[in-house]
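K.L.:
Sequence:
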Amino acid sequence: MGAALRRIQLGSALSAFGLGFTVPYLYVYVAQVRDLGAGTAGVVLAVFAMAALAVLPFTGRAIDRRPLPVLVVASGLASVGAAALGFASSVPAAVLAAAVLGAGTAVMQPALATMLVWCSSTATRTRAFAMQFFLQNLGLGLGGLVGGQLVDVDRPASFTMLFLIEAAMFVVLGVTVTTVRMPRPASLGEVRPSDASAAKGGGLRALLSHRAMVQLCVLGFVLFFACYGQFESGLAAYGTEAAGIEPSTLGLALAANTAVIVVAQFVVLRLVERRRRTRVIAAVGLIWAFAWIVAGYAGLGHGSQTMATAAFISTYALFGLGEAMLSPTVAPLVADLAPESMVGQYNSAFALCKQLALAVGPAVGGPMGASLHGPYIVTFVLFSLGITALALRLGRRLTPVQDQPSLAAVPSRVVAVSLPESPESLGGREGGDVVGNAPAPASAPAPAGH
68 MGAALRRIQL GSALSAFGLG FTVPYLYVYV AQVRDLGAGT AGVVLAVFAM
118 AALAVLPFTG RAIDRRPLPV LVVASGLASV GAAALGFASS VPAAVLAAAV
168 LGAGTAVMQP ALATMLVWCS STATRTRAFA MQFFLQNLGL GLGGLVGGQL
218 VDVDRPASFT MLFLIEAAMF VVLGVTVTTV RMPRPASLGE VRPSDASAAK
268 GGGLRALLSH RAMVQLCVLG FVLFFACYGQ FESGLAAYGT EAAGIEPSTL
318 GLALAANTAV IVVAQFVVLR LVERRRRTRV IAAVGLIWAF AWIVAGYAGL
368 GHGSQTMATA AFISTYALFG LGEAMLSPTV APLVADLAPE SMVGQYNSAF
418 ALCKQLALAV GPAVGGPMGA SLHGPYIVTF VLFSLGITAL ALRLGRRLTP
468 VQDQPSLAAV PSRVVAVSLP ESPESLGGRE GGDVVGNAPA PASAPAPAGH
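With this note's numbering as the guide, the letters of the sequence shown map in order to residues 68 to 517.
These are computed hints drawn from the structure, not numbers from a lab. Heads up, the beta-carbon is just placed ideally off N, CA and C, and yes, glycines get one too. Please note: incorrect hints may appear among the correct ones.
[Said to hold, decoys possible] Simulated restraints, written as ranges between beta carbons of each label pair:
hint	residue 1	residue 2	range
1	Q99	G441	39 to 49 Å
2	V213	V334	21 to 31 Å
3	R342	G106	38 to 48 Å
4	L271	G143	22 to 32 Å
5	L367	E313	11 to 21 Å
Starting from the given sequences, assemble the full structure and let the hints guide the process.
P.N.:
Listed below in structure tokens is the structure:
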């Protein structure tokens with residue numbers, strides 16, 4: 068399965084490279100280049116994320132059945148939206164293009180995650196997700212760095228070129244994944260117990276009754292709201308308005324974010340692989356709280372412009388360190404909590420929480436970052452500390468092996484390892500693994516986390 072995994076990772080990285088050309092400049096493009104105002108920019112960014120609310124609830128089951136065709140359609144839709152946004156000069160055109168682009172990119176995420184699960188084993192899954200995150204951020208950072216050298220706020224055509232490059236990279240993703248031969252879904256059943264309770268109760272009902280997954284979704288919302296939901300809206304607005312950062316410096320800040328991920332990703336991976344996942348996430352909350360304090364100094368410290376710029380770039384770098392710690396913990400945990408028949412639906416549900424945060428984040432952070440500088444920083448310091456509290460609470464809901472996969476005696480594919488021999492033990496293990504609340508017996512293999 069090495070060839071399939073490599074092609075998926077390549078397509079994912081190239082699409083991220085295309086995104087990097089526009090992500091740091093979307094707020095500036097709508098508000099300043101197209102002269103539609105800060106309010107419209109916030110609406111466009113919110114619509115970009117809220118489009119997921121319309122598509123993700125209906126795509127989970129399709130992803131579970133055939134993730135590859137779903138990914139191809141989603142990448143085509145995202146390509147159309149990116150090209151349209153590059154030519155949008157009015158509010159309705161910008162909003163419609165953002166909706167199409169947001170719908171496409173929203174579906175791409177759980178489809179890619181499900182394909183990674185199908186093409187990896189327990190021993191390789193954590194590193195597969197870490198590698199995906201590494202390559203995506205490398206592509207994102209390189210795209211932002213190159214895009215920063217091409218943009219000119221006085222030439223709208225330069226931004227149109229960036230959006231066309233982004234559209235082309237989405238097409239490349241769709242073409243690349245069509246060459247992938249996915250393993251048969253039935254092969255997963257040989258190493259993963261089926262989930263009869265999920266089949267009887269219905270996907271959404273089973274997911275909502277899974278308390279650990281619900282808590283993880285809440286935590287995911289706060290994570291993305293406090294970080295990613297601010298990158299291209301509130302933090303960009305705060306940097307340009309409060310700290311006096313040049314638009315081209317936003318690309319450098321994103322490059323610094325990527326550089327930290329590139330340097331730290333696999334060093335961090337070795338450190339967190341044998342530690343409790345929830346403790347790692349809790350540490351990320353503390354790191355991000357400090358990052359927001361540094362951002363506060365950039366805009367409110369009244370130092371030199373050089374110091375403000377350095378502090379602003381350092382904020383993105385600190386966010387990158389936290390992101391490197393999250394990549395081998397959160398995404399594999401979603402897969403570990405999912406029953407066999409619902410991997411795509413669990414990935415879609417988590418992506419939905421992410422997109423909801425990305426919808427609310429710009430709507431809240433954009434206006435605050437542009438005008439309420441002090442309250443903006445205080446608000447997101449508190450949200451970052453909330454990440455720590457939520458992560459520690461989630462740790463009490465997980466089984467020991469779900470929280471620390473290195474404790475597993477025998478590796479498995481996703482939720483549980485090889486089936487117990489006796490029918491009686493089979494029934495007992497299935498209930499505990501699906502719900503994620505009952506601890507695994509010490510003498511039996513426990514759910515794996517990789």
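K.L.:
Take the hints in turn and mark each one as holding or not.
P.N.:
For each hint, the structure was consulted:
For Q99 and G441, the Cβ-Cβ distance of about 24 Å falls outside the hinted range of 39 to 49 Å, so the restraint is violated. Distance hint check: the CB atoms of V213 and V334 are about 26 Å apart, consistent with the given range 21 to 31 Å. For R342 and G106, the hinted distance range of 38 to 48 Å is satisfied, since their beta carbons lie about 44 Å from each other. Between L271 and G143 the Cβ separation comes to about 27 Å, which falls inside the hinted range of 22 to 32 Å.
Checked against the hint of 11 to 21 Å, the C-beta distance between L367 and E313 comes to roughly 19 Å, which is consistent with it.
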